[in-house]
Each structure stands twice: as structure tokens, then as C-alpha cells.
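Student: The lines below spell out each chain.
2 protein chains.
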Amino acid sequence: MLTFVGLGLWDVKDISVKGLEAVREADEVYVEYYTSKLLSSIEEMEEFFGKRVVELERSDLEENSFRLIERAKSKSVVLLVPGDPMVATTHSAIKLEAERKGVKTRIIHGASISTAVCGLTGLHNYRFGKSATVSWHRSQTPVNVIKANRSIDAHTLLFLDLHPEPMTIGHAVENLIAEDAQMKDLYAVGIARAGSGEEVVKCDRLENLKKIDFGKPLHVMVVLAKTLHFMEFECLREFADAPAELERLVA
Amino acid sequence: MLTFVGLGLWDVKDISVKGLEAVREADEVYVEYYTSKLLSSIEEMEEFFGKRVVELERSDLEENSFRLIERAKSKSVVLLVPGDPMVATTHSAIKLEAERKGVKTRIIHGASISTAVCGLTGLHNYRFGKSATVSWHRSQTPVNVIKANRSIDAHTLLFLDLHPEPMTIGHAVENLIAEDAQMKDLYAVGIARAGSGEEVVKCDRLENLKKIDFGKPLHVMVVLAKTLHFMEFECLREFADAPAELERLVA
Chain F
1 MLTFVGLGLW
11 DVKDISVKGL
21 EAVREADEVY
31 VEYYTSKLLS
41 SIEEMEEFFG
51 KRVVELERSD
61 LEENSFRLIE
71 RAKSKSVVLL
81 VPGDPMVATT
91 HSAIKLEAER
101 KGVKTRIIHG
111 ASISTAVCGL
121 TGLHNYRFGK
131 SATVSWHRSQ
141 TPVNVIKANR
151 SIDAHTLLFL
161 DLHPEPMTIG
171 HAVENLIAED
181 AQMKDLYAVG
191 IARAGSGEEV
201 VKCDRLENLK
211 KIDFGKPLHV
221 MVVLAKTLHF
231 MEFECLREFA
241 DAPAELERLV
251 A
Chain Y
1 MLTFVGLGLW
11 DVKDISVKGL
21 EAVREADEVY
31 VEYYTSKLLS
41 SIEEMEEFFG
51 KRVVELERSD
61 LEENSFRLIE
71 RAKSKSVVLL
81 VPGDPMVATT
91 HSAIKLEAER
101 KGVKTRIIHG
111 ASISTAVCGL
121 TGLHNYRFGK
131 SATVSWHRSQ
141 TPVNVIKANR
151 SIDAHTLLFL
161 DLHPEPMTIG
171 HAVENLIAED
181 AQMKDLYAVG
191 IARAGSGEEV
201 VKCDRLENLK
211 KIDFGKPLHV
221 MVVLAKTLHF
231 MEFECLREFA
241 DAPAELERLV
251 A
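Note that the protein sequences, when read in sequence, are chains F and Y.
Last residue of the first sequence: number 251 in full-length UniProt numbering, and the count goes up by one each step with no gaps.
Last residue of the second sequence: number 251 in full-length UniProt numbering, and the count goes up by one each step with no gaps.
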């Protein structure tokens, strides 16, 4: 049995009680920090779980994933994943391979940044369109996704690249504007350290967001839709110091 | 202090360890089942938490939310919410009102159906567009959202109405086809009891999904984008018994 356990957003205590039980009952416990990051170290996890935790490399999740699956044929194996498992496409590939080889799989879900941004910004979940990643090697994709979402009046959640190091909001904004100068006038919300209880959340035009110091990673951003629901505007004013001029977007 | 704690998807053990600690330290604990449902009863929660849990009505969350906020001025109040708090717009309204009245708020996130559907179906999270609710009183909105999402090649997550009773996938499909007969040919995935470990997940054309018995609630659906990534197709074949003809959608 291969059980994917979501670790949630920030530290080791963001795991669910059900996930914690699965870890404590497992024969072997692995963790991967590749698709996301978590504040807690392996040592903190081992202490909290009372169990050895082995970190996997990218290659263990990709070309060598058969090794993990082989072990799960006869043992109870837990793979710990920051956030909610399967939001990263790597995990669904492993689940697929496991099931095809007759290994039972189970998912114990965790909190994900995809929905956490709603609570932190007040933006309505049902108004989010497709998401994209702003990566260190430049690409037109995020700009295209923002434009497609705006064509149907949807918000865009942007993940920022983690490798070789976590990108800041300032860098991401520069990337977007370099790809398309018109981006600078769009309104967006920068969110740092979601789930930590010490989040920084700021809304402004992209060219202004660039100047704000959001502090340590992880950072994500939401580029706003063409219009806002009035409650979204009110929340952005209160939670994210949005400028009063943003009221123009209220539909 | 008003702390919103996400209960996650299915039963009382889907709460995070951090959420559980907040409940145990709270002066007063409330729960609301209005914006979603959870399998566990109040009694099971009280036993698990070792604490009295008071259920709130819809009116307590809306026109009378000032009462909850008033209590949080001097006490440590926890509001338990199925899923991830703030995915329902009701909660961001309460958070806004609290902060304006000088009451500190905090969110402890939980797993949400919005991301759980990715793990259950293998559909890629970044390809989801806006979501909508199919409600008992008929509306054109879900059909419009499906069409808008398909115009940018995005999947659509559909929540099914919970009041006065939880809607089934069969009912939702009938509603959609009654609004727009062309809907019947679209491919969709029906998902029952996400997070239970006993999910039913089936992919087919809407007109065929209608005939499948998904069993007890809660049900949700995903209407597919115009195209599929080949890994999405492979996962739907394996996890959701999708028909082989679906391969035509692979881009």
C-alpha cells in the first residue's frame, strides 16, 4: 500500500490527525520537498512523528519511482508531500504507475495554497481561472494564462519557481513585465508565507508590487480578473492594503 | 481572537494537528454545516475534542454574525468549517467584519474538495477554470461557466447544491441538459464521497453519467476542457473507467 499524505502549508503540525496516524502505522516514511517546500526540517519531522523519515530526490519521484512502488508491494509506505498531494502532476504519475502494477494507493489530503489564498485575500474561490508557474527560465506561458483568464473575467494564481531557489514576488513581476510591458498596469496581490500566521499580503498594480519587500519565501501571487465583486474589493482594502482606486474594478 | 479552523473533507480526523490544538485551547467552539457537510456528528466531535461544540445556523453566520464577533472580543473563539475556511464567501464576510471591529482573526487551513478532485481524477490542477454550483432552483450560470472555461480550454469543477438536501450527480446532469441540450455530449467526471477512502469516480459523457449510481452524497462533478493532457487521459482510464474514445481529446 502506498499512501500519499498531504503535509499542508507551513510546518509539521499542519498534517491532519488521519495523516499522522498513517505515518505512525507505516513501515517506511518518505518525504519529498521537490514540488514544494515546508518550513520543518527532516529532523523536526522525525522528532514529531517518532519515526525515521527519508528524503527523496527528484529522480526518485520520476525515472526511479519504480523503486518506491516496488517497496509498497509488500510494505506500508507513506509518501509525505507538502500541501495537498496530486496538485503537482508528479504524484498522479506515481499513483498511476502504482495502480497499474497492482499496488493499492490512498490519498490523505492536506491544505493547499490553491484554496488558502482565498482566505488570505478575500478573493472568491469560484472566480479563479487556470494557474501557472513563473519560472527562472523565461516563458510566455504565465502571460498567456493571465490573458486567457482575464478574457473570461477570472483571477490567476501564479506559483513562483522553487529551483534552484525560491523566486520572490519582485523577480516574478520583473519577469512578467519583461515578457509583456502591458502587464505593469494590472492589479495583483502578493502573498508571502501563507499558513505561517505571519503572512504579508499586499495588493497593488504589478509595477508597484515590485517595490514592496515581502520578506522570506515562499511567495505566490494572484493577478486580478477584469472586475471585482464588491466584497472582494472590501476584503482587499482591509486585508491587503489595496489602493482606493481599485474600486473602479467593482462590477 | 476568532480562529477559523478547516475540518477537511470527511470526518473528525481530517482536522490538522494545529487545528486540533486550537480547538482544545479555545474558550468556545462553534461549527457550521451550512456551507458544506461533514460525516461526523456534533456528538462525535465533542467526544474527539473533549469539548462542547455548538452548531450555528445560517442566520448566525449572516445577519447575526455580530454575536459571534462580540464573543471573540474577550474570548478565544473557534469556528469549525468543513473543508478549507473561506472557500465559501460567507467566511470572508465574517473575517472582514471582525477585523473592522478590531477583533484579531486567524485561519488554520484544511483540505478542500477544490484540490482533492485532482488526486482522485488525475486531472491537472493548473488546468481548472472557474467553478460553479448547480442549484435546485435552475440557473443558466453553470452552463455559462462551462462554456467560458471551455473557451480557454479549462476544466470546470461543479459543486452540487446542499439545500434543502444534497443533490446527486444524476440530478445535476438533468439540470444542465435541461438548460442546454448540447451539454449531453460533453465529457465529465462524477466524484462521490471525496476523502472517505471509498470514493466512486467515473468519467463518461454527461448523458451516460446520469445512469450511474454514485451512491450516497456528497457528490461533485468536473466537466472536462476541450483537450486533455495525455497523462490526464491515462489517469482517467485507470482511476475513473473512462471510455477509450476519450483519447480523441488528447492534445
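Don't read these hints as lab results, they were simulated from the structure.
Wrong hints could be hidden among the right ones.
Identical copies go unnamed one by one, so any copy, or any two together, can satisfy a pair.
Capping the alpha-carbon separation at 25 Å, the derived lysine to aspartate or glutamate pairs in DMTMM-like fashion look like this [unchecked claim]:
| # | residue 1 | residue 2 |
| --- | --- | --- |
| 1 | K13 | E47 |
| 2 | K101 | E62 |
| 3 | K211 | E44 |
| 4 | K226 | D153 |
| 5 | K216 | E97 |
| 6 | K73 | E238 |
| 7 | K13 | D180 |
| 8 | K73 | E99 |
| 9 | K37 | E21 |
| 10 | K73 | E21 |
| 11 | K147 | E70 |
| 12 | K184 | D241 |
| 13 | K37 | D241 |
| 14 | K101 | D161 |
| 15 | K13 | E28 |
| 16 | K101 | E238 |
| 17 | K75 | E238 |
| 18 | K104 | E238 |
| 19 | K101 | E198 |
| 20 | K13 | E46 |
| 21 | K75 | E198 |
| 22 | K147 | E57 |
| 23 | K13 | D27 |
| 24 | K216 | E70 |
| 25 | K13 | E44 |
None of the values given here were measured: they were computed from a predicted structure.
Student: How would you classify K216 and E97 at a CA-CA limit of 25 Å: within, between, both, or neither?
Tutor: Neither way: K216 and E97 sit 37 Å apart in one copy and 29 Å across, limit 25 Å.
Student: Is the C-alpha distance from K101 to E198 at most 25 Å within one copy, between copies, in both cases, or in neither?
Tutor: The answer is between: 20 Å across copies meets 25 Å, while 44 Å in one copy does not.
Student: Is the C-alpha distance from K216 to E70 at most 25 Å within one copy, between copies, in both cases, or in neither?
Tutor: neither (39 Å within a copy, 35 Å between copies)
Student: Have a look at K13 and E28 and pick one of within, between, both or neither, based on CA distance no larger than 25 Å.
Tutor: both (20 Å within a copy, 22 Å between copies)
Student: Classify it for me, K13 with E46: is the Cα-Cα distance of at most 25 Å met within a copy, between copies, both or neither?
Tutor: This pair counts as both: shortest intra-copy Cα distance 12 Å, inter-copy 21 Å.
Student: Taking 25 Å as the upper bound on the Cα-Cα distance, should K226 and D153 be classified as within, between, both, or neither?
Tutor: Answer is both: 5 Å inside a copy and 19 Å across each meet the 25 Å cutoff.
Student: At most 25 Å between alpha carbons: which applies to K13 and D27, within, between, both or neither?
Tutor: Intra 21 Å, inter 21 Å, cutoff 25 Å: intra and inter.
Student: Please work out whether the CA atoms of K73 and E238 approach to 25 Å or closer within one copy, between two copies, in both situations, or in neither?
Tutor: between (52 Å within a copy, 18 Å between copies)
Student: Can you tell me if K37 and E21 fall within 25 Å by alpha carbon in one copy, between copies, both or neither?
Tutor: Both. Shortest intra-copy (22 Å) and inter-copy (23 Å) distances satisfy the 25 Å Cα cut-off.
Student: Up to 25 Å between alpha-carbons, please classify K184 paired with D241: within, between, both or neither.
Tutor: within (18 Å within a copy, 45 Å between copies)
Student: Given identical chains, is K101 near E62, meaning Cα to Cα at most 25 Å, within a copy, between copies, both, or neither?
Tutor: within (16 Å within a copy, 51 Å between copies)
Student: Have a look at K37 and D241 and pick one of within, between, both or neither, based on CA distance no larger than 25 Å.
Tutor: neither (27 Å within a copy, 34 Å between copies)
Of the numbered hints stated above, those contradicted by the structure are hints 3, 5, 7, 11, 13, 14, 22, 24, listed in ascending order.
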